[in-house]
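Colleague: Below are the chains, spelled out letter by letter.
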Amino acid sequence: MFALQSNNGIQQTTSYKVVLPFYVFAAFSFLVATILLLIHSGIIHQHYFQPYTLAITHIMALGWGTMIILGASHQLLPVLIEGKLDSNFLAYLTFAFTATGIPFLALSFYEFNTGWPMQTGAILINLGVICYLTNVISSIYESKKHDVHAWYMAAASIWLFSTTFFGLLLVFNFKHNVLPQNSISYLSIHAHLGLIGWFLMLIIGVASRLIPMFLISKYTNDRNLWWIFILINSSLISFILLRVFGASTFLYYFPLMLSFLAILLFGNHCRNAYKVRIRKAVDEQMKMSLLSVGQMLLPFVALLLVLALLPTGKFPQLPILYGFCIFFGWITAIIFGMTFKTLPFIVWNKVYRDRANRGKTPVPKELFSEIIYKGMAITYIAGFLVFALGIVLLNDILLKLGAACLLVAAILYVYNAGITLFHQPKKP
Amino acid sequence: MNVISNDSIKCSQALSDLYNVYDPEIGLNVVDLGLIYQIDFDEEAKRIDAEMTLTTQFCPMGESITGNVTKSLTNNFPEWEVHVNLTFEPPWDYSKISPEGQEFLGR
Chain A
1 MFALQSNNGI
11 QQTTSYKVVL
21 PFYVFAAFSF
31 LVATILLLIH
41 SGIIHQHYFQ
51 PYTLAITHIM
61 ALGWGTMIIL
71 GASHQLLPVL
81 IEGKLDSNFL
91 AYLTFAFTAT
101 GIPFLALSFY
111 EFNTGWPMQT
121 GAILINLGVI
131 CYLTNVISSI
141 YESKKHDVHA
151 WYMAAASIWL
161 FSTTFFGLLL
171 VFNFKHNVLP
181 QNSISYLSIH
191 AHLGLIGWFL
201 MLIIGVASRL
211 IPMFLISKYT
221 NDRNLWWIFI
231 LINSSLISFI
241 LLRVFGASTF
251 LYYFPLMLSF
261 LAILLFGNHC
271 RNAYKVRIRK
281 AVDEQMKMSL
291 LSVGQMLLPF
301 VALLLVLALL
311 PTGKFPQLPI
321 LYGFCIFFGW
331 ITAIIFGMTF
341 KTLPFIVWNK
351 VYRDRANRGK
361 TPVPKELFSE
371 IIYKGMAITY
381 IAGFLVFALG
391 IVLLNDILLK
401 LGAACLLVAA
411 ILYVYNAGIT
421 LFHQPKKP
Chain B
429 MNVISNDSIK
439 CSQALSDLYN
449 VYDPEIGLNV
459 VDLGLIYQID
469 FDEEAKRIDA
479 EMTLTTQFCP
489 MGESITGNVT
499 KSLTNNFPEW
509 EVHVNLTFEP
519 PWDYSKISPE
529 GQEFLGR
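Taken in sequence, the protein lines are chains A and B. Each residue of the first sequence is one higher than the one before, counting from 1 in the working numbering. Each residue of the second sequence is one higher than the one before, counting from 429 in the working numbering.
Hints may contain errors.
Dumping the calculated DSS-like pairs for lysine-lysine here, alpha-carbon to alpha-carbon at most 27 Å [what the hints assert, rightly or not]: (1) A:K145 <-> B:K524; (2) B:K474 <-> A:K275; (3) B:K438 <-> B:K474; (4) B:K474 <-> A:K350; (5) B:K524 <-> A:K218; (6) A:K144 <-> B:K524; (7) B:K499 <-> B:K524; (8) A:K275 <-> A:K287; (9) B:K524 <-> A:K365; (10) A:K426 <-> B:K499; (11) A:K280 <-> B:K524; (12) A:K365 <-> B:K438.
Computed far set for chain B versus chain A, every beta-carbon distance over 12 Å [to be verified]: (13) V431; (14) I432; (15) S433; (16) N434; (17) I437; (18) K438; (19) Q441; (20) Y450; (21) D451; (22) K474; (23) T483; (24) T484; (25) E507.
Quick caveat, the hints were computed from the structure, so don't treat them as lab data. Glycine included, C-beta positions come from ideal geometry on N, C-alpha and C.
So here's chain B without its partners, still in its complex pose (with noise of 0.2 Å):
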């Protein structure tokens, strides 16, 4: 897991929650899947920039994971705009999965 942040308190605050969002196939969550690029956060607009991305463009869950990213930001930081950014660059490959992931799978 390497995301990346201006703020890596208020970036760890916000992993805490993100480890609660699951891709509902793999039954993993989206933080030890590797899905969550960066996460900025701007202190006076009270603007949060996140970037992610999906295992596959097109994914049939993709609505569904990126709108529970989405509230769950939401939820942890109630005064703050969150914005969800979805980017296939550089695209997901298994790599990107933590090892806690790894052993979640069986690997």
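Just chain A, same shape as in the assembly (with noise of 0.2 Å):
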């Protein structure tokens, strides 16, 4: 149940057992969330409280974004907090619970049945949620080391538990009053403790600490990070503030402006760490989480966009595009980035670690293809561009078109991840 010690003083780290199931079902995740994109991209034109885009969001969301983050949390937390892992049985049961109610949420937004099948859903994810904060906050407790990354995890956590929470309402209130109004009221909230609370207080707080060790850059800076971690907070808070108390849209400027600031700063800490770096080569999958680092400003643009002609009816597809430059942007390219430098590591070590001088062993970036990963990424970004034109377009064929290229994208990673997965030693 917990890491142990060895006797030479190394701490052993998670076991891949914990971790892979999670990769493994994100992966499947965002090839169904590609293929119901494809075959549904005329939702486009209609808006955004529908079915298959609830439920595309969410299969994204949760069944791509959370459960990969959940996954590599668990393998990243003890380098993060300098500790073990507290309990890996808690992580086999945040997936177990996770895995089983994704599906079911998934699909009860697809067919709209707000019944016992989307009520079974939230309640599923609620108990992975609440096994997995009580694992990141408990391992955090008991290391010993309480620096910036640790209040990043911890927050973010928390604010994911705060999200599955008010999901689990928003779920009850379509067929009970739980709540004094009705649930599409809600959604923005909703929507921003996940997005801003979960995905951005996470992957900061992951990225800052993983993107200079990849690079091999000597730079830190906890103060700038502390700065980060407060913009962000006040962000969401004073957002949540302003919907609940119903202030006119021109004071959602404030909040929009923290986290925009919030980002800048985190840009800028990666500029620094980049330049400063030491390993000089670049490898694809930093290119591509340090792209991912330009595309969250995309977001912002679009929420700029909403702020200034929602009100006015002019673009009514703008939330849409807001949410595809989130979910098939930034999350989508931080997560084909750090999946090929974190899963290649976690399989080698499953496969090498006891082979050690027993022949040449391949390094962990052998494990995977370079060549399909570079057409993943090209299919990737040309897709996204695409189908992010169609939205603004409204043009059918730049939607269908740019859904093909980001299912070739989907199918090259899970080909890829399996070539991974699979890895077998060469026989001597």
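These two chains come separately, so use the hints to put the complex back together.
Modeller: Written out as structure tokens, the structure is:
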């Protein structure tokens, strides 16, 4: 149940058995989401509160983004807090509950069945998140180091639970009046708890450590990271208060600017790390990760346009463009980059850890195909740009073409992840 | 590379093999990376005590790297008892990379 300490002082890291199921689930979720996007690309013409849009959004947010982050964070938490993961058992429970709950929820949205299947899915997901939250908080509590990264992890986990618990209330609110207004009125709060509190908080917390580490850069600036932490939390809390008290549109620029400033500071953090890196060569995975930092700004452009244009009714597709830029843009790009930095390590450790000095072993980056990775990156960037253009121009051909490219990227991702997962050592 | 030792000749012999032990992510050997702090040889007890560090505590590759160091020393000195101990005092930093290592990384 607990990570072990061996006799030479080294702390054993989280078992691959805990982490890999999350990666597998996430890969197939992304594939399903891109298939649905291709089949239902016409949803762009409709309001975002639509069964297929809700299904795709939740598959992307929970099945893809959250599941891979949960898996990776079980592996990376010990690195970030310099302490062991408190409980593998809780990690297994997290997977069991979420992996059962997400299909229930996604299918319920797809068929828009707001009855027991949706409620069951929401309850299971919440149980999984409670296990995760408990594990993160107890691991941080037990560790010796409570630096800024630990605070990011703790805050992100609490915001994740806030998101899923609020989502649970919204699900029950479809059938019973548990909230004062209908569920649609609260969607923006639910969405931003997840986007800002969970995804932005956790990705910045983890990436601010991993990007300099993988670039072999000596740049650190905890003061900067604390400012980003304060800005993100202030932005989210002020947004919720404005929504709850029904403030005028103009005031929403305030939380928007706080988050925008946080992202600019984070971008500057990455730029400084890049400038003083010791390893000059930057691999494709790191290029994709750095691209995702730039992509963080696109949703803000969309959001500024939402605030400026939506009250006038000039471009109703903007919320969909905003969501697309987040889930298929920023979050997908960072996952593409970081999957092939972390997954080969996990598999390498599983396969070659006990084979030391038994002949030459491949390095982790040789456990996946670089050509397939490049193909995935090209089709992904093309798909993202074409689909985004399709949303702006409301052009069905561009939407289908963009979705097809994204599907090809998803297939290449799954195939390449499969090459890594099923890697076997060559026989001598 | 400043490895402390009570026997410089045996230490050189040990290091010659440790140049073949790599950090799989960085692709640089543990000696040029500055992970090896000290190697002491007790002639009477036929015991080697090596002290090393990792680039980060809870490094996912930590077990593999220390295992490789232990096996390298055991192979090089088959009659000796090898003890590899991890320390994070002083913690590793980039200044510990040798000039050759920095050149390899493109600095």
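Colleague: Now, for every hint given, state plainly whether the structure supports it.
Modeller: Hints versus structure:
1. Proposed proximity of K145 (chain A) and K524 (chain B) is supported: the alpha carbons are some 23 Å apart, at most 27 Å.
2. Note on K474 (chain B) and K275 (chain A): the hinted pairing is violated, with a Cα-Cα distance of about 48 Å set against a maximum of 27 Å.
3. Proximity of K438 (chain B) to K474 (chain B) is assessed by CA-CA distance (about 12 Å); at most 27 Å being required, the pair is judged to hold.
4. Annotation: proposed proximity of K474 (chain B) to K350 (chain A) is violated, straight-line Cα distance about 33 Å (limit 27 Å).
5. For a cut-off of 27 Å, the pair hint linking K524 (chain B) to K218 (chain A) stands: about 12 Å separates their Cα positions.
6. Using a Cα cut-off of 27 Å, the hinted pair K144 (chain A) and K524 (chain B) holds, with the two alpha carbons roughly 25 Å apart.
7. Between the alpha carbons of K499 (chain B) and K524 (chain B) the distance comes to roughly 23 Å, so the proposed pair stays at or under 27 Å and holds.
8. The straight-line distance between the Cα atoms of K275 (chain A) and K287 (chain A) is roughly 14 Å, inside the 27 Å bound, and the hint therefore holds.
9. With a C-alpha separation of about 25 Å, the suggested pair K524 (chain B) and K365 (chain A) falls inside the 27 Å cut-off, and the hint holds.
10. With a C-alpha separation of about 21 Å, the suggested pair K426 (chain A) and K499 (chain B) falls inside the 27 Å cut-off, and the hint holds.
11. Between K280 (chain A) and K524 (chain B) the alpha-carbon distance is near 17 Å, which keeps this suggested pair within the 27 Å criterion.
12. As the CA atoms of K365 (chain A) and K438 (chain B) are separated by approximately 34 Å, the hinted pair breaks the 27 Å bound.
13. Against chain A, the non-interface label of V431 (chain B) holds: every CB pair exceeds 12 Å, the least being about 18 Å.
14. Residue placement check: I432 (chain B) keeps its beta carbon more than 12 Å from all beta carbons of chain A (closest about 18 Å).
15. The Cβ of S433 (chain B) lies farther than 12 Å from every Cβ of chain A, with a closest approach of about 19 Å, so its non-interface assignment holds.
16. No beta-carbon of chain A comes within 12 Å of the beta-carbon of N434 (chain B); the shortest separation is about 20 Å.
17. At roughly 23 Å from the closest C-beta of chain A, the C-beta of I437 (chain B) stays outside 12 Å, upholding its exclusion from the interface.
18. Even its closest Cβ contact with chain A, about 19 Å, leaves K438 (chain B) beyond 12 Å, as expected for a residue assigned away from the interface.
19. Listed as a non-interface residue, Q441 (chain B) keeps its Cβ farther than 12 Å from every Cβ of chain A; the least gap is roughly 17 Å.
20. Taking the minimum C-beta to C-beta distance to chain A, about 8 Å, the non-interface status of Y450 (chain B) is violated against the 12 Å cut.
21. Chain A draws D451 (chain B) into its interface by the beta-carbon criterion, the shortest separation being 10 Å against a cut-off of 12 Å.
22. Remark: the non-interface label on K474 (chain B) is consistent with the geometry, its nearest Cβ contact in chain A lying 19 Å away (cut-off 12 Å).
23. With a minimum CB-CB distance of about 8 Å to chain A, T483 (chain B) fails to clear the 12 Å threshold, and the non-interface call is violated.
24. With a least CB separation of 6 Å from chain A, T484 (chain B) falls inside the 12 Å interface cut-off, contrary to its annotation.
25. With 12 Å as the threshold on Cβ separation, the claim that E507 (chain B) sits away from chain A holds: the shortest Cβ distance comes to roughly 18 Å.
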